[in-house]
Amino acid sequence: MNSIASAVIALSGLGLIFGAVLAWVSKKFHVFVDPRITKVTELLPGINCGACGLAGCAGLAEAVVNKETELAVCVACSPENKKEIAAVLGVSAGDMARSNTLAAIIGCGGGTRCKNKFEYQGLKDCRVAALTIGAHKECRYSCLEQGTCIEACPFGAITMQPEGVPKVILERCVGCKKCVSVCPRRIIYMVERKKKDVYINCQSRDKGAQVMKKCKVGCIACGKCVKACPVNAIAIENNLAQIDYKKCINCKKCVAVCPTKAIALR
Amino acid sequence: MNGLNAAMKTFPGGKHIEGHKQLTRNEPICAMPLPAQVIIPLSQHTGSICEPLVKKGDKVKAGTKIGQGNGVVSSTVHASVSGTVNNISDYNHPVLGSCPAVIIDSDGKDENDAQVKERSGIAELSKEELLAIIKDSGIVGLGGAAFPTQVKLNPPRPVDTLIINGVECEPYLTCDFRLMLERTNELLQGIQLIQKIVNVQKVFIGIEEDKQEAVLQLRNRIMEKKRRFEVVALKAKYPQGAEKQLIKAVVGREVPPGKLPFDVGVIVVNVGTAVAVYEAVCLGKPLYERIVTVTGRIVKKPANLKVRLGTRFSDIIAFCEGTKEPLGKIIMGGPMMGLAQFTDDVPVIKGTSGILMLAKDEIKDFTETPCIRCGRCVNVCPVRMLPYALSLCVESKSFEQALQYNPRDCMECGACAYVCPAKRRIVESIRLIKAVVK
Amino acid sequence: MSEERAMTLSMTSSPHIRFPETTSRIMWTVFFCLIPSGIVSVYVFGLSTLWIIITAVLGAVATEYGCGLMAGGKNTISDGSAALTGLLLAYNLPPQAPLWMVFIGAFIAIVFSKVLFGGLGFNIFNPALIGRVFLMASFPVLMTRWPAPFRVDAVTAATPLAVFKDSFQGTNVLSQADIINYSYRDLFLGFRGGCIGEGCVAALLLGAVYLLIRGYISWQIPVSFIGTVAVFSWLFSGKDGIAGGDFILHILSGGLVLGAFYMATDYVTSPITKTGQLIFGFGCGLITGVIRLWGGYPEGVSYSILLMNILVPLLDKFIVPRRFGELK
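Residue numbers (our numbering), protein chains in the order written: chain A, 1 to 266; chain B, 267 to 704; chain C, 705 to 1032.
Hints listed in this document are in silico derivations from the structure and should not be mistaken for laboratory results.
Note that the structure is predicted; figures quoted are calculated from it, not measured.
One thing to keep in mind: the hints can contain errors.
List of simulated lysine-lysine pairs, PhoX-like, C-alpha gap at most 20 angstroms [what the hints assert, rightly or not]: (1) Lys196(A) to Lys253(A); (2) Lys689(B) to Lys778(C); (3) Lys689(B) to Lys281(B); (4) Lys491(B) to Lys462(B); (5) Lys124(A) to Lys630(B); (6) Lys124(A) to Lys567(B); (7) Lys252(A) to Lys194(A); (8) Lys663(B) to Lys177(A); (9) Lys567(B) to Lys626(B); (10) Lys689(B) to Lys630(B); (11) Lys978(C) to Lys281(B); (12) Lys331(B) to Lys375(B); (13) Lys246(A) to Lys194(A); (14) Lys177(A) to Lys704(B); (15) Lys663(B) to Lys124(A); (16) Lys663(B) to Lys1021(C); (17) Lys227(A) to Lys252(A); (18) Lys327(B) to Lys375(B); (19) Lys196(A) to Lys252(A); (20) Lys124(A) to Lys689(B); (21) Lys462(B) to Lys492(B); (22) Lys261(A) to Lys213(A); (23) Lys468(B) to Lys492(B).
Next up, chain A with everything else stripped away, as it sits in the complex:
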């Protein structure tokens, strides 16, 4: 009987002491978490692509709630979710709902149609391939074909084509620019996604004759597209055609006249 009593007393005593300590600690070290942050985090895509430049989606949620940044920096969040987040924060949906209008384009159609200097045998990563005595392609502006952008894309929006060069799937691309940052050749660029289908599928600044020697689908700066364009949206700079998308009316006449198919459709 005595032993039972002492056990009960001892354990209850311990319980009281620990409880008091815990209560004190939880008060002392309490961290206030805004419940809105949790909600916003849930509404964000949660793929931590890093395009906003913050520490993942949770970081962005915190910044948005604390009004340190605008939700517009998130390129991956759907317009519906952005509206909901606006509701959580009690602000008008207008600004919040603005989505990214850019999508990536891989500006090289080379691959098997661009000559190799040698067969690359190193680690399967473009960034290492670029270090192997100036890379294995004849063209120094060409895609290195190791698929580093494909791996880097958090949305699975880039696929390898049979020709050995990757291509962006427009519908999946959210414009996070991850691929742009990993490409050692800097051939990936961002273009308005709306209705402008044409793009220059080459980045070579070499002279036309040199390009022809190296690649079947490179821009040879022949100027046919410049003449064909009804709105003067194309100019040749540094031996490479450039489209001014502000002027472009998407008539696709340049695509038809390009002798090397260096102007392509998305």
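Position chains B and C relative to chain A; hints supplied.
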């Protein structure tokens, strides 16, 4: 051996690697006949690319300045034969893949430029004048990295020690060894000039014990000439020729990560560079030729050749009568840090210490297997990194995590990949990490 | 230069030469270094041990092969690690272990401590020891039936460590018939009861010396492991309190030599750095000593290695070489 073994210095880590030096170590330096054409890339060294000073059709002579760089870290390039400028255009380059180059057709006369003449009154030349001569003569580090020598010899803070690098730890290569044997006097004069420029009392010449003849000859000649240079015999171990490892071996100082040798009061100069300094200052001869070891088990006549810069590898290989077996690989430099070449139509540049040819059976591509964490890479790593950890980071694509292992400390000596029983591509992995986290 | 010739030149990255050493050669060398000990145990305990060894090796290899097939046709048996696991498992089993049990042990060793962790290089625990410990927990009676040397079918006898423990802890439960007094010479040559491969210290040392010379194992783990056990048992296993214990008995008995030279030194499950290895060996020795003297089992080598295996990632994280050029 006595006296050599007495105090054999070295650095911690590293590994003795079978040298294959017997292929060429007894081949005296032999001047290769002039090639019909030379290709002189306008980028031969670390720093800014040179602007061409000549145009198509110009007549040049051996030693005529044909390219000049702007900026602090830059150097000069010279014509290596007399003849006519055929063209200035992109050409294959052993390091960059492709680079603008001056292509010169030789007229076979091998006339020297008027500037190339013996200089008198050397003793009166000031430090600044000497540095200007070195810059004007296009001298860069001949050990491989090709850093402009006048920049190296003019450190932003005073140093107290000069180390002459005669280590040549890369297997197969013997050009520095032959140079030390055959051009001892020129070497010593070059060292004295450099000593004057950097104004130091202590001069060490580091040589590995397997080059005993060079150690003994240099010691004798130093005694004869009553110079106060100390020849330090080092235990043969790769990569002792790396600057930081050599400094550790010779004077026991460790260069902190991201710092340069002068931060610990040391300057390291390659023996070839010292001889080039002598030639430039005393003979007025710019750097337009160098010694190249042409070697490999399958080479019919391995040799140490004095070659004009811009000579095609193919010409050199033909001079050595080609190979006994089909070529598997051509490497510029040694087998540990050299660069594989995709063609033999590539010119010799200032950093070309050797041309190594390997047969197909010498380069069988090893299949990569899982890391068994045996620790061999950690034991050999001369900068005490954890190479296995970095290679595992690449395997799991966790580049952020790789940062904690100090990937930038790596100089890509390849000792880790050499010893790895799992044949992992450790050096490539570290290269990738460095490219990603830069 | 013609186009075709250009394409035939290899462009792999530096270093262009590799030291002629492979994972499989290391594994098979360790395998063959273990064989003498197996031969002695066949001599001491009879042919049944040979069948156990064959079953364990083939079982481990077959399991590895099967797992490789399921994982997409990767054939990983040629690296020799599975065979080595099988052999080490056999060496940790009693000479009369039934073959079905041996196979289960090999299966568990490969699947649960290796394949499920991602295969060679990713396992945390020594696979052979996981197999043994699993069998110990599942079939305690079968795993502790020790035949007396050279009289396999007739007599069972206590192992030297069991005898030691019985008297050390003062339980005195062993009958006199069970106790054989072995000389140091018997222990050294393996003429004693115990697991298959652990007995013949002489044969094990022979292989270990070769491995040390070849640089396949480093001295740090075995020396600190055995050294710690020796000091520990000298200090605490004596009859009259501190010091004076029979440390030679402790070194020569049980699986200490096998464990210290062949199992604690397993690359994958031991620390990378030399300092880490010294600590690892010390820890193994300490735990072995504690279990042998005061634990529930007469033998503690397997458990000590497994427990220290847990610490390896921690040791590798915190015991790293001083960065070159960093201040001391």
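Non-conforming hints, listed in increasing numerical order: 6
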